[in-house]
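Chains A and B, in that order, are what the protein sequence lines are. The first sequence lines up with residues 0 to 300 when you count with numbering that gives the first Met the number 0. The second sequence lines up with residues 0 to 237 when you count with numbering that gives the first Met the number 0.
What the hints contain is simulated information worked out from the structure, not anything from laboratory work. The structure displayed is predicted, hence computed values, not measured ones. Careful, some of the hints might be misleading.
Straight-line distance between alpha carbons at most 25 Å, and here's what the computed SDA-like set of lysine to any residue pairs gives [what the hints assert, rightly or not]: (1) B:1 with A:31; (2) B:1 with A:21; (3) B:1 with A:28; (4) B:1 with A:95; (5) B:1 with A:86.
For reference, the chains in residue letters:
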Amino acid sequence: MPPRPPVMLPSSAGFGAGTSASDGRRGRALATGLVVAAVALLGIPTFTRFAQVFWSKPDDTHAPIVLIGVLLGFWHERRALTWETAPAQRGVGLFLALVGAILLAVGRAQLFYQLEGAGLLLFALGSACAMAVRTSWKRLALLFALGLFLIPLPATLMDAALLPLKLALTEAVVRSLAAAGLPVGSHGVIISIGFYQLQVADACAGLRSMLALTAIGLLFIHFVPVRGRHTHAMLLALIVPIALVANYCRVATLVLLTYGLGGDFSDRAHNIAGYAEIALTLALFVIAHWTLERRAPQVRP
Amino acid sequence: MKARAATAVGGGFLALALLATAGSMALGRTLHPAPMPGAAALLARVPEAFGRWQIVPGTAEPINPAQPDAQGRPGRVYDAIVSRTYAAPDGAQVMVMLAYQDRQYQEDRIHSPELCYYAQGFVLQDRQDVVVPLAGGARVPARAFHGASLHRHEDVVYWIRTGNALRADALATRFEIFNAALHGRIDDGLLVRVSMTDDLGPPMSALARRRLLVRFLQDFFAASPVPVRLALAGYEGT
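Please take these sequences and the hints and turn them into a complete structure.
Pasting the structure below:
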């Protein structure tokens, strides 16, 4: 039987490609669709549960923002997922996904959220490994690093690690306010101001919020085009100091509000403080970025 | 790469995802909790008196084993809590707190008292691993610490039973829970905590109070009826 003559399809008209090229593109789109379906099938239940168990607490309001940022980041990098990959790379990708799937299944069955989250991330990493061209790996790596921030930290670790940080921040706030002449003192993480006592919660100053702000800093660096390696490095180095400043401002503001207005704050006030902190962090990054770009040496023609 | 090969790999990922979903459901079915029936009534059978100790209405309010969240609401719910204060003729008082939970998960389990004290404004000092030798030969790995707040100084010794394992270390407890689930068990858990404040009874060094608490735990266990011993340490102790 003679082969059928190639038919030009409208979609490929501009590129002068024949059936095979067009089919190839469609086939690859189908393959990508299958992978996206696989990640969604695993990710949607996982993140739904994380949202119910962790993100609904006032401590963790940052996480959904990071999730949206990561998803936008992957959409942004979608052109890198070309399937122009070596067979070995696809093999490694499938293997990583297999390990991830096992971890996820075990973690989900046991309500071991960290294991489930790590499994999901490994599965996604495997799929990216099978699809993405090598040149995009660096940018994708940043997104996967951000993905780590979506895994809820074990409470044990949090409390062990955040305590010194929290104590130091409490101390800094109390000292500076006392220097300004306010009747403020502290014992451990309890701040007393006037007749009021308030406790510096995990959400306000601690590892959790430091990590969330770090994630937001990384998102900023991912989305805002940064010129020059020097500026890039400087912004990376500024992530932690900026998060600390934002943390300090949040605690100090809440202490001052308690002193000025008195009494209890609702969850909402704490949530608003959380979002204000994110806004402050972003503002500090914009300022830092602007300053660094201005000071950066001009590229010679 | 050929489109067909790409589709095959993509299908492979989807198959893995389906398998993981089905696998987690199947694994979840294999897990069986083993709660202690009538935990509250059972734990209430702690001895009324033993040695020189006798139950009295306590003068100090025991620290709540639940860790309050940022707004001060209790973050954890226990299935049974038994709290007693024992007094000696010399005026010393020991508070016993037993907090029971019928299922232990990685992120939903009995927290160490360090967290409860810390969350309630105590600064923790002199944390130390201690061994409590019990009747019948068990040597329980327990932990001691001193909690200092504005209004109260308290010495605490505790252990946590998870299933049949006795631990004070959070990481070891996590491993225990993981291991139990791999063997199809969801264990129960009990916090055994004794403490004394420094303002009652004869003056004592912190070290002496710590020794007294360890001794108290030994005698308390020995004087408890067998079902309570099983609850406290997971073995009969005879």
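Open item on the list: What's the verdict on residue 1 of chain B and residue 31 of chain A, does the C-alpha distance respect the 25 Å limit or exceed it?
Closed with: Holds, at roughly 13 Å.
TODO: Verify the proposed pairing of residue 1 of chain B with residue 86 of chain A, using a straight-line Cα cut of 25 Å.
DONE: Given that 25 Å is the threshold and the Cα spacing comes to 11 Å, the pair holds.
- [ ] For the pair supplied as a hint, residue 1 of chain B and residue 21 of chain A, confirm whether the alpha-carbon distance does not exceed 25 Å.
- [x] Holds. Residue 1 of chain B to residue 21 of chain A sits at ~12 Å (cutoff 25 Å).
Task: Straight-line alpha-carbon gap residue 1 of chain B to residue 95 of chain A, limit 25 Å - done: holds, 22 Å
Task: Straight-line alpha-carbon gap residue 1 of chain B to residue 28 of chain A, limit 25 Å - done: Distance ~12 Å between residue 1 of chain B and residue 28 of chain A Cα, so the pair holds.
Violated hints are absent here; each numbered hint is respected by the structure.
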